[in-house]
Structures are given as C-alpha cells and as structure tokens.
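Number of protein chains: 2
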Amino acid sequence: MTSPRLWHPDPKLDLVLERVIDVPPGLVWAAWTRPEHVVKWFCPAPWSVSDCEIDLRPGGLFRTTMRSPEGKEFPNVGCYLEVVPEQRLVWTDALLPGYRPSTNPFFTAIITLEPRGQGTRYIATAIHRDEAGKKQHEEMGFFQGWGTALDQLVAHVKTMM
Amino acid sequence: MTSPRLWHPDPKLDLVLERVIDVPPGLVWAAWTRPEHVVKWFCPAPWSVSDCEIDLRPGGLFRTTMRSPEGKEFPNVGCYLEVVPEQRLVWTDALLPGYRPSTNPFFTAIITLEPRGQGTRYIATAIHRDEAGKKQHEEMGFFQGWGTALDQLVAHVKTMM
Numbered sequence: 001m002t003s004p005r006l007w008h009p010d011p012k013l014d015l016v017l018e019r020v021i022d023v024p025p026g027l028v029w030a031a032w033t034r035p036e037h038v039v040k041w042f043c044p045a046p047w048s049v050s051d052c053e054i055d056l057r058p059g060g061l062f063r064t065t066m067r068s069p070e071g072k073e074f075p076n077v078g079c080y081l082e083v084v085p086e087q088r089l090v091w092t093d094a095l096l097p098g099y100r101p102s103t104n105p106f107f108t109a110i111i112t113l114e115p116r117g118q119g120t121r122y123i124a125t126a127i128h129r130d131e132a133g134k135k136q137h138e139e140m141g142f143f144q145g146w147g148t149a150l151d152q153l154v155a156h157v158k159t160m161m
Numbered sequence: 001m002t003s004p005r006l007w008h009p010d011p012k013l014d015l016v017l018e019r020v021i022d023v024p025p026g027l028v029w030a031a032w033t034r035p036e037h038v039v040k041w042f043c044p045a046p047w048s049v050s051d052c053e054i055d056l057r058p059g060g061l062f063r064t065t066m067r068s069p070e071g072k073e074f075p076n077v078g079c080y081l082e083v084v085p086e087q088r089l090v091w092t093d094a095l096l097p098g099y100r101p102s103t104n105p106f107f108t109a110i111i112t113l114e115p116r117g118q119g120t121r122y123i124a125t126a127i128h129r130d131e132a133g134k135k136q137h138e139e140m141g142f143f144q145g146w147g148t149a150l151d152q153l154v155a156h157v158k159t160m161m
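Chains as they are written, first to last, in the numbering used here: chain B, 1 to 161; chain V, 1 to 161.
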C-alpha cells in the first residue's frame, strides 16, 4: 500500500481549521518556529505563553509553557516529526524529544502553508487517537482557541513586516 | 537547546543491541524494508511472520503479523518516523500511520547501520516510555529475541548475495 496522501483528515477523529490569511508563508513559518515569536501569539489572551523552547528538526523538542490569567503555569512538551520550511510542520505530544513515547498522548498537529497571492492558505489539523479525544479537544474550544491564536499570529506577523 | 545527538540512549529506559555483522548495509537495509524479506527473518523461530506491509516514508505504515507455533496471529502496527536509506530507520508504535496517536504505545525503535569493511555495524535501540516498559521488554526476551532475529536476518541476507 502506498497512498499518495497520508494526511487526509478523518472527520470522526480530526479537527481542521482552514483559512486564507493576508500574510506570507515565510513570516507565518517564522512565527511558528522561533520562540521569540511563538510567545507573542500562541495562546489566546488573556492566557499567555511564558516560555518556549524549540529544537527545529525531526525528533526535536517543541516546548511551551502556558500561563493562565491567574498566573498558573502549564507546560506542554512535544516532538517535531516533519519540518519542511514554509510548507509543513508536524509535531505530536504522543512522543517526547528523541521519539520517546510519552505518558499522556493527546494529539498530533499538522500545519500546512501554501502561498495564495501575497498571503497564505493556512490549514491546521489536529489528529486524535479516538472520537473521545476529538470531542474533548472540541469542547476545550479548539475552533475558537486556534482561531483566536491565528488572529494573534496575523497581528504579530504584521508587526514584523 | 540544540543537541547534536538526540539519540543517546538512556540506560534506565532503553535497550540496545549492537553487533558487527558480515553482510553489507545495503542488503541489511533491504532485509528491513521489503516485506518479502521481512517475513523471512523478523520473528525468532518457531514463531514466524505471516504477513507484512510497508509504506516506506515518514508517516507511513509498518505492519507485521506474527504467528505463534500454534498458529495464533498477533498483528503489530507502527509508523515510520525517519527513513535514511542504508543508514537509519526509525519507527514507533506510539503512532499509527499518518501520525495518529495509538491506543497502546510501547516503544520506538531506531536501527542504525554503518559500513565496517565488507560488513555492517548494526545498532538496534528500543526506546521506552518509562522503566516499567524497559523492564517488560527485557523480560519478554528483548536481547535473545532481537539477537536471534538478527542471526536470521544475516542468514537470510546471505541467500540474497
């Protein structure tokens, strides 16, 4: 079996946010892959990102610390799987850096970027183990959360232009 | 943080089988990556492999069905993470094909091959979530099992030469 496209989302298991944004793929890529940018947009306000560490290669670390409005911190650790500059970024929390299986797997994320005029067709896909995982992510506010974060990303990228 | 070597095994969590074998990396690679070869050696006799399916790319499927001497079948599904011909093969059962988190993660495997004269320095590393996982794999007979499978691989490869 060789399917030309492995990544077709399964509507029962996956969540997809797709939007065309008016900033170019190169800057969106920078916003996703450089800690000094990630901290500016990754968490929907009034939450914020207090720390971010990135080792941008397959098997490398993607770590963010989210801070609640009350100041409580929540660390997240993931492992990059694919790093194709300005096109495709894949990471998962099912693995720790160096591909070690994690104790609390929840999802894999695929960000794809395609040029659209001066802007970008942006697709974020969250891939879950089962329907319960998808439902939980949806109830946690996936669409609003990732949508607001994307608004923040666009606003931040415009300060970089 | 950028470590030049992500893959240094942790002796508390990982199991490593290292050996120099007298067959070349190209044939060892073929033995690992083509179903018609995998079925010949992958399971220590009297167990066998009754079926194997391979989609050799990051995110692709690695599936084997192991058959007990009594004829009972045990399917295993994993996902390739890195595919560097004749050098490095990484897959995990913590993810299904397409990087979907699996329900029963156990380990990630890294096979590295280096030329040594006419032969190969062969290193198989099994990376576990925790000490219990390592212990379980050790008690399942990791060293004897993977060692016997490697003997079978070498014997099979010699029929290909």
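I should point out that these hints are in silico values taken from the structure, not numbers from a laboratory. Errors might be hidden in some of the hints.
As the list claims (entries may be wrong) - Covered stretches of chain V, as calculated for chain B (at least 3 residues, CB under 8 Å):
id, stretch
1, 78 to 91
2, 95 to 108
3, 119 to 129
Claimed, not checked - Derived coverage of chain B by chain V (criterion: at least 3 residues anywhere in the stretch with Cβ under 8 Å from a Cβ of chain V; other residues may be distant):
id, stretch
4, 41 to 53
5, 125 to 137
Since the structure is predicted, the reported quantities are computational estimates derived from the model, not experimental observations. All C-beta atoms, glycine included, are put in the ideal place defined by N, C-alpha and C.
Comparing the hints with the structure gives:
Given a C-beta distance limit of less than 8 Å, the hint that chain B covers the stretch 78 to 91 of chain V holds, as 3 residues qualify and 3 suffice. Under the rule that three or more residues need a Cβ within less than 8 Å of chain B, the assignment of the stretch 95 to 108 of chain V holds, with 12 such residues. Restraint check on the stretch 119 to 129 of chain V versus chain B: 3 residues with Cβ-Cβ distances below 8 Å, three needed, restraint holds. Check on the stretch 41 to 53 of chain B: 1 of its residues sit with their Cβ under 8 Å from a Cβ of chain V, so the three-residue criterion for coverage is violated.
Here's how the stretch 125 to 137 of chain B fares: 5 of its residues keep a CB closer than 8 Å to some CB of chain V, so the rule of at least three is met and the hint holds.
Checked against the numbered hints given earlier, the structure breaks only hint 4 and satisfies all the rest.
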